[in-house]
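Chains A and B are the protein sequences, given in the same order.
Numbering-wise (this note's numbering), the first sequence opens with residue 2 and increments by one.
Numbering-wise (this note's numbering), the second sequence opens with residue 2 and increments by one.
I should point out that these hints are in silico values taken from the structure, not numbers from a laboratory.
Any given hint might turn out to be false.
All copies of an identical chain are treated as equivalent in the list; a pair is satisfied when it fits inside any one copy or across any two copies.
[To be verified] Here are the computed lysine-lysine pairs in the DSS-like style, where the Cα-Cα straight-line distance is at most 30 Å: (1) K311 to K183; (2) K183 to K12; (3) K312 to K3; (4) K311 to K260; (5) K312 to K12; (6) K3 to K311; (7) K351 to K308.
2 protein chains.
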Amino acid sequence: MKVAIAIDSFKGSLGSIEAGNAAAEGVLRAAPGAECAVRPLADGGEGTVEALASGLGGKLREVEVTGPAGKRVVAVYGIVGETAVMEMAQAAGITLVSGADRNPLRTTTRGVGEMIMDAIGRGCRRFVVGIGGSATNDAGAGMLQALGFGLLDAAGNAIAPGGAALSSVSRIVRDGAHPALKECVFRIACDVTNPLCGERGASAVYGPQKGATPEMVAALDAALAHFAAVSSGDPDWPGSGAAGGLGFAFREFLGAELKSGAEIVLEETRFEEVVRDADLVITGEGRLDSQTVMGKAPVGVARMAKKYGKKVLAFSGCVTRDAGIVNRHGIDAFFPILREVTTLEEALDKGNAAANLAATTEQAVRCFLLGAH
Amino acid sequence: MKVAIAIDSFKGSLGSIEAGNAAAEGVLRAAPGAECAVRPLADGGEGTVEALASGLGGKLREVEVTGPAGKRVVAVYGIVGETAVMEMAQAAGITLVSGADRNPLRTTTRGVGEMIMDAIGRGCRRFVVGIGGSATNDAGAGMLQALGFGLLDAAGNAIAPGGAALSSVSRIVRDGAHPALKECVFRIACDVTNPLCGERGASAVYGPQKGATPEMVAALDAALAHFAAVSSGDPDWPGSGAAGGLGFAFREFLGAELKSGAEIVLEETRFEEVVRDADLVITGEGRLDSQTVMGKAPVGVARMAKKYGKKVLAFSGCVTRDAGIVNRHGIDAFFPILREVTTLEEALDKGNAAANLAATTEQAVRCFLLGAH
């Protein structure tokens, strides 16, 4: 029996590869001769760098960059061959700022650009960037400036950091951009389709959760529209509004492809090659619920598996009452790994979680094989 | 698909039939055309009366009897046709006494005899009696007296209640016993094989947990040996020492058959008839652990299923780390029904437990069928 395994991280507990290895242990207990192919899984959000770096034999790199509010922060990204794997939130995430610093008029994506420059300097020419969880609403202006693009006001000076200053941009100079960018390929993991501006735009939909008042939303929306007009980009392109407009900058200035995070991860790990050969596909994530069907990684795995008519089991730290809907999205059966009444702390403990996942997988695979024989 | 379902009660939560019905609901969600036969399951201990009475269309009866320490208690037993289903603990159980009343020199099984007399009066001629959890060490003397047997001392007076008084018995008069007893059949659910006396006997092994000091154990052991000698019974017969020697009285005076509780229950419910026809057998209990293999009901179900080469799934409120051993005793795969981190109180709530059991069964049966197709 060949088993293809790709499980998203159990947030706060097992990493993707740790979870995959625990499941593989359970499979082998139930079917000693089985061949298990464990691949990393992530959805472009938290855990993506760790999953891809550890699962594809890469390494992690720490780099100090400008944080969203201007203070220096340490960002971690992964290097796998010539591919850099990044989460924008490492450099400009909402969790990096609090209080008065949560001000999308001023927060900047400059650190994202600095991270990319660091990777270019280390030879990377392919970039996989997850762009969820931003603190910013600057349409990627800070990133572009860090990469060498000139965003100039009427007096010819570089505009200040933050979304508000975009209202003063009058000219964009692309010549100063790092020359290696021409050779670079950017794949952006992005699960939203919002346009840059308007009532479904970055400022209106995501601004408030980053600290924007209604007045700030109006100002930011106008500023981003002005920036789009000056740059001659298409602000209506789906995904332009992702991460405070960072999607727009990636597409218009860096020729990036925007795609669902789960899909990009599955492509990067070449999961399709092991699925095609598998008798059983195993996936999962920390929590299985009705949101799982909204583009999250396990359903991405299930969709790929069903392309080849494969059978899919899922495992999770917990499942909610409404999780049954995943059965209609390619997950043939799913099992929470809890074994006893326990505290959240004990449940999240890595040792417990790995043992529980292995035990649950063992019994589920026994059940699966029972039907087969 | 035909599914035979017999699940022991989830103690403190679902009764046996409630659990069986919840599992059946899950089966039907996974396999809408399935035929589910739900039967009660119990091991002769707590829950046996409720399971058999509710599962076999019988009724419960409350009767006031003499408790183990002499105070009146209300005992519940079941009547199914002409069969009475009883737990000795209802009339003489350890949970009925506390403090100084936990004195096996004095505690009596008289109430057990009174319960039997009540059932005889209501036309019962078959008795299924579970004899776990006793507070007594009187070799069933109290029960025998309630049924009309004369246990007389040298002066021709009835001996006092309790195990200590057995040392003074000098003559046993069987003529006074209720005449209907000759027509009665007694099936005793008993999972221990201790002899009446000696170091593996009732007094030495079980006396201390009923409140006996080492001196009391010695006195009781001698008293029971004396009683056995006067009655000409066989004190070495396996199970004689069950329930403080009640096993001895049932066998020697009432011609009872002693048998594993799970086996008796399976016979009473004619579970074998539905197992023979089934494509899948489902069992379970509140807690699945390494003790489950020690003659507990789910393993009894599994053993019967394997006689016919049937496949067996088990479900439980929780499972322990060492539960995997049940896989070597006929339970092909097992699943705890917990879905989320929760408190014990929420987990035991009947509504939650039934919903969780149904959801877990649904996914397990989906998994089973997945392997089959």
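Consistency of the hints with the structure:
no.	hint	result
1	K311 to K183	neither (40 Å within a copy, 66 Å between copies)
2	K183 to K12	neither (36 Å within a copy, 69 Å between copies)
3	K312 to K3	both (12 Å within a copy, 23 Å between copies)
4	K311 to K260	within (24 Å within a copy, 48 Å between copies)
5	K312 to K12	within (25 Å within a copy, 36 Å between copies)
6	K3 to K311	both (11 Å within a copy, 26 Å between copies)
7	K351 to K308	neither (33 Å within a copy, 41 Å between copies)
Hints 1, 2, 7 from the list above are not met by this structure, while the remaining hints are.
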